[in-house]
Amino acid sequence: MSSTLSTPTSAQEPGGAPSGFEADRGTDSLGGTVRAYLDRVRGGDLGALPAILGIVVLGLLFFVLRPETFLTPRNMANLADQAAPIIILAMGLVFILLLGEIDLSAGVVSGVCAAVMAKLLADAGAPWYVSVLAAIVTGVVIGLFTGSLVGMVGIPSFVVTLALFLGWQGFTLRLIGEGGTVPVRDPVISAISDKNVPVALGWVLALLTIAVYAALQLNRFRVQKARGLAHAPLAVVLVRIGVIAAVVVLVTAVLSVDRAPAVGVVLAGVPYAIPLVVLLLLLLTFVLGRTSFGRHVYAVGGNAEAARRAGINVTRIRVAVFVIGSTLAAISGIVAAARLGSVAPGSGGGNTLLYAVGAAVIGGTSLFGGRGRVRDAVLGGLVVAIIANGLGLLGTEAYLNFIITGGVLLLAASVDALARRRAAATGH
Amino acid sequence: MSAPIDRPEDGTPTLELRGVNKSFGAIQVLHDVHMKVYPGQVTALVGDNGAGKSTLIKSIAGIHAIDSGEFLFEGKPVTVSGPREAAALGIEIVYQDLALADNLDVVQNMFLGRERKNGILLDETSMEEAARDTLSKLSVRTLKSVRQLVSSLSGGQRQTVAIAKAVLWESKLVVLDEPTAALGVAQTRQVLDLVRRLADTGHAVVFISHNMVDVFEVSDRIAALYLGRMAADVPISQVDRPQVIELITAGRSGDLGIAPAEAAAVEV
Ligand SMILES: Nc1ncnc2c1ncn2[C@@H]1O[C@H](COP(=O)(O)OP(=O)(O)OP(=O)(O)O)[C@@H](O)[C@H]1O
Ligand SMILES: [Mg+2]
Chain A
1 MSSTLSTPTS AQEPGGAPSG FEADRGTDSL GGTVRAYLDR VRGGDLGALP AILGIVVLGL
61 LFFVLRPETF LTPRNMANLA DQAAPIIILA MGLVFILLLG EIDLSAGVVS GVCAAVMAKL
121 LADAGAPWYV SVLAAIVTGV VIGLFTGSLV GMVGIPSFVV TLALFLGWQG FTLRLIGEGG
181 TVPVRDPVIS AISDKNVPVA LGWVLALLTI AVYAALQLNR FRVQKARGLA HAPLAVVLVR
241 IGVIAAVVVL VTAVLSVDRA PAVGVVLAGV PYAIPLVVLL LLLLTFVLGR TSFGRHVYAV
301 GGNAEAARRA GINVTRIRVA VFVIGSTLAA ISGIVAAARL GSVAPGSGGG NTLLYAVGAA
361 VIGGTSLFGG RGRVRDAVLG GLVVAIIANG LGLLGTEAYL NFIITGGVLL LAASVDALAR
421 RRAAATGH
Chain B
1 MSAPIDRPED GTPTLELRGV NKSFGAIQVL HDVHMKVYPG QVTALVGDNG AGKSTLIKSI
61 AGIHAIDSGE FLFEGKPVTV SGPREAAALG IEIVYQDLAL ADNLDVVQNM FLGRERKNGI
121 LLDETSMEEA ARDTLSKLSV RTLKSVRQLV SSLSGGQRQT VAIAKAVLWE SKLVVLDEPT
181 AALGVAQTRQ VLDLVRRLAD TGHAVVFISH NMVDVFEVSD RIAALYLGRM AADVPISQVD
241 RPQVIELITA GRSGDLGIAP AEAAAVEV
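As they're listed, the protein sequences go chains A and B. Just so we're aligned, residue 1 is where the first sequence starts under UniProt numbering, counting upward by one. Just so we're aligned, residue 1 is where the second sequence starts under UniProt numbering, counting upward by one.
Chain B with its partners taken away, still in its complex shape:
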């Protein structure tokens, strides 16, 4: 049920972007971007360096305000003007640099900024229980203790904690920016399993990666950005690896991709 197979996309996408434009000063980074992310699916967001992947997810997170375009969450138009609003909608982003505090333990990091309290006292008991619960649900088995300092964790374990942190918050959409970039073979395996499990527990997942093996292994859909334009946003079964690479490097492949005229316009 969870293998990357072609599934009918008849449900409402958790996130839908329509015609999103974003410029930094004179430089337009995102051009008329359309994208759909479905619940229970992993959508791979691919593109060359500088294609605009991080900019796109920062727009989703409310860190960058978009210049124009529509942003639909579960079918309803919304405006997200800050990380807090994104979080309130159920959007959680795991950034490339993870942003964990090394001097705090796993539980403390997972609840950072949203601590549970009993009056003015921190409710350590319930936080520790909830953290362990979430980690168990995600079948994370590699942590010795949830009270371990993050400074003592391996790269894969840190990624795991960052992802679990995102899941703790009844999130509906989880965005992962290159979660396997700095990991070895074994740890990449763990994180990919975790990404798959996120989708299988009903989350809509956006997974950014430069590694085509990883992308084809866990994804249900693929969205390819080419110089800030969405070259394709299709079920993964409709493309193969050479096609995706063409989409990434040239913006089109066969009848997929941005129109030749447009592509030519981009080249110059």
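So here's chain A without its partners, still in its complex pose:
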């Protein structure tokens, strides 16, 4: 070999060992994981930490302020019901925010879809599955429309969805009529909110969830280790499993306690909204993390030009995220309608969208695109719901609720922007 060839790379990156990939060989342990996390933080990604801190701090705060009512099983079930529509709407927004786009119409789209379902149930006497399907199809079609305007025509999503925010409200108003409400009394749909998974089944599902999660994590660790791939240390994998197991067991235990207000009746079990949210969480996490579609969503959000040159159909991805967003808005609308027992012209208006965007951002999804996970919607949605729920228990007036939630959103957005600025400043 010539001198050019065999010359060892004369200049090492700072900290680089001559053989390379030292972090991938599994020799480093917890320290490496901590370092990797700090690296991510410097890169602008704070992970789930702020949202988890928010949940803990707010939980403690309201527990201290309302020890009798806040941490009771009944209020926890109520909190789950309250959080579910916010979380589901926020899950859809995560996809849209990942591209650095926004959907200001997501809230009112949930209203339109719920109105379609309610009208079919009440006026046409359609069975629940037809009505639900119609609501979801409405969501898909609306998403295709919004996505085409953004992705194909090229109008900024802010403008498109601001226009549609007004437009769809008019549509719902026309459908339901001024001052009217359409009741939603179908037993299957109402069950999402007011029925619970039988306690025994709830435990079976909880243990199954833990077992499957643990099996997947351990198997991945085993494969990665065996084939010499980059992997987290076993301790981290075990802690992850432990935390998930503890949360699942705790939630199931609390919600399995009888929370009936009167003696003689029994009200216990996990509200159906929870397995629904968990199911969506698993499904969408799979889509984002394990399929090439999800990979392309991140790529387009991170660098659309790079994605285009890599042969990714950027327009198709743009349209697809809006379809996903509106479809989840439809599901959110159905869950909200089940909870309230009716759909009104204002359904999905007001602070619905603000709560959902807030949830995603508080959870750690960036408004600048490229960074976010489905679980952000769950964690952030819980923070938002705890604020609404706790303030409700305190009996504060509505104005305070608005101001505080707005403040929290602003705080989360500032953290996001500062993290991004820091990342840019450190050359990351």
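What the hints contain is simulated information worked out from the structure, not anything from laboratory work. From a predicted model like this one, the values you see are computed outputs, not experimental measurements. Just so you know, even glycine gets a beta-carbon here, dropped at the ideal spot from N, CA and C. It cannot be assumed that every hint is accurate.
Okay, the calculated bits of chain A under chain B, using three or more residues with CB under 8 Å as the criterion [stated by the list, open to error]:
{"no.": "1", "region": "290-296"}
{"no.": "2", "region": "299-306"}
{"no.": "3", "region": "309-315"}
Some chain B residues near chain A, calculated using beta-carbon distances under 10 Å [stated by the list, open to error]:
{"no.": "4", "residue": "Glu-124"}
{"no.": "5", "residue": "Glu-128"}
{"no.": "6", "residue": "Glu-129"}
{"no.": "7", "residue": "Leu-135"}
{"no.": "8", "residue": "Leu-143"}
{"no.": "9", "residue": "Glu-170"}
{"no.": "10", "residue": "Ser-171"}
A few chain A residues that don't get close to chain B, going by computed Cβ distances all over 10 Å [said to hold, decoys possible]:
{"no.": "11", "residue": "Tyr-37"}
{"no.": "12", "residue": "Asn-78"}
{"no.": "13", "residue": "Gly-170"}
{"no.": "14", "residue": "Ile-210"}
{"no.": "15", "residue": "Phe-221"}
{"no.": "16", "residue": "Val-223"}
{"no.": "17", "residue": "Leu-229"}
{"no.": "18", "residue": "Ile-241"}
{"no.": "19", "residue": "Arg-259"}
{"no.": "20", "residue": "Leu-281"}
{"no.": "21", "residue": "Leu-367"}
{"no.": "22", "residue": "Thr-396"}
Fit chain B with the ligands to the known structure of chain A by using the hints.
Positioned in the frame of chain A, the structure of chain B with the ligands alone reads:
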């Protein structure tokens, strides 16, 4: 064997351009360009700002359609009408701006748009193995982890990843547009070593640079563009640095370069 020495160019060039013309509207950017790129060799493509280097490689990549001229790949005439077709032939371009997604890790970037799958599942295991394999083959030793986010890499490391990405695809021709432009001394060294290694592993390499030291260090051939015309396409041993600079700035040097009449025509 790999030092930039004069080698007989008797083999078939990986890429041969014959009489390529390209205009943007009324402005003709490439005039009757001829060029040969051989396997196992680094061909430096030099020329002043605006000479048409980027336009030429974008034509090779299928991003710009050429107006006329012949395009031979491994001796066979081909038409490349898009990046996908270029990639299918085995042509990989590393652009000046690299085009990496900062929010994805090294493996994810290397396989972007061409992910390996197991059914609908991404096959992370095989992608990570292949990425590490390619990086090791290129003797890249500066990456801490192939699962590092690209946002945490230095300029030289990014360039390395972009080049490794091009090599991953059984590419035959790798085109590098100013890979050392924004790098410091140490990182330039790494990238030049990598460019040399690419050729030594059998790739035909086109290397665009404004830095004559770099050009003379790694190249086997030199192709000089002057106002869209190929002033010379010769083995590097046939020219010295002052000559190349003359070719770049005046279009001719001694008996090399475009004919005086033609050069005069270009000046006006
Ligand atoms: N899309 C385009 N439309 C019109 N003119 C163009 C286009 N792309 C390039 N040109 C023109 O073609 C000429 C050659 O540009 P090109 O980018 O190929 O130069 P270059 O040799 O790569 O220069 P540099 O060293 O600055 O990168 C320039 O005069 C430029 O203005
Ligand atoms: Mg250029």
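Consistency of the hints with the structure:
no.: 1; hint: 290-296; in the structure: holds (count 5)
no.: 2; hint: 299-306; in the structure: holds (count 6)
no.: 3; hint: 309-315; in the structure: holds (count 4)
no.: 4; hint: Glu-124; in the structure: holds, 8 Å
no.: 5; hint: Glu-128; in the structure: holds, 5 Å
no.: 6; hint: Glu-129; in the structure: holds, 7 Å
no.: 7; hint: Leu-135; in the structure: holds, 7 Å
no.: 8; hint: Leu-143; in the structure: holds, 6 Å
no.: 9; hint: Glu-170; in the structure: violated, 16 Å
no.: 10; hint: Ser-171; in the structure: violated, 14 Å
no.: 11; hint: Tyr-37; in the structure: holds, 12 Å
no.: 12; hint: Asn-78; in the structure: holds, 37 Å
no.: 13; hint: Gly-170; in the structure: holds, 38 Å
no.: 14; hint: Ile-210; in the structure: holds, 22 Å
no.: 15; hint: Phe-221; in the structure: holds, 12 Å
no.: 16; hint: Val-223; in the structure: violated, 6 Å
no.: 17; hint: Leu-229; in the structure: violated, 5 Å
no.: 18; hint: Ile-241; in the structure: holds, 20 Å
no.: 19; hint: Arg-259; in the structure: holds, 41 Å
no.: 20; hint: Leu-281; in the structure: holds, 18 Å
no.: 21; hint: Leu-367; in the structure: holds, 14 Å
no.: 22; hint: Thr-396; in the structure: holds, 39 Å
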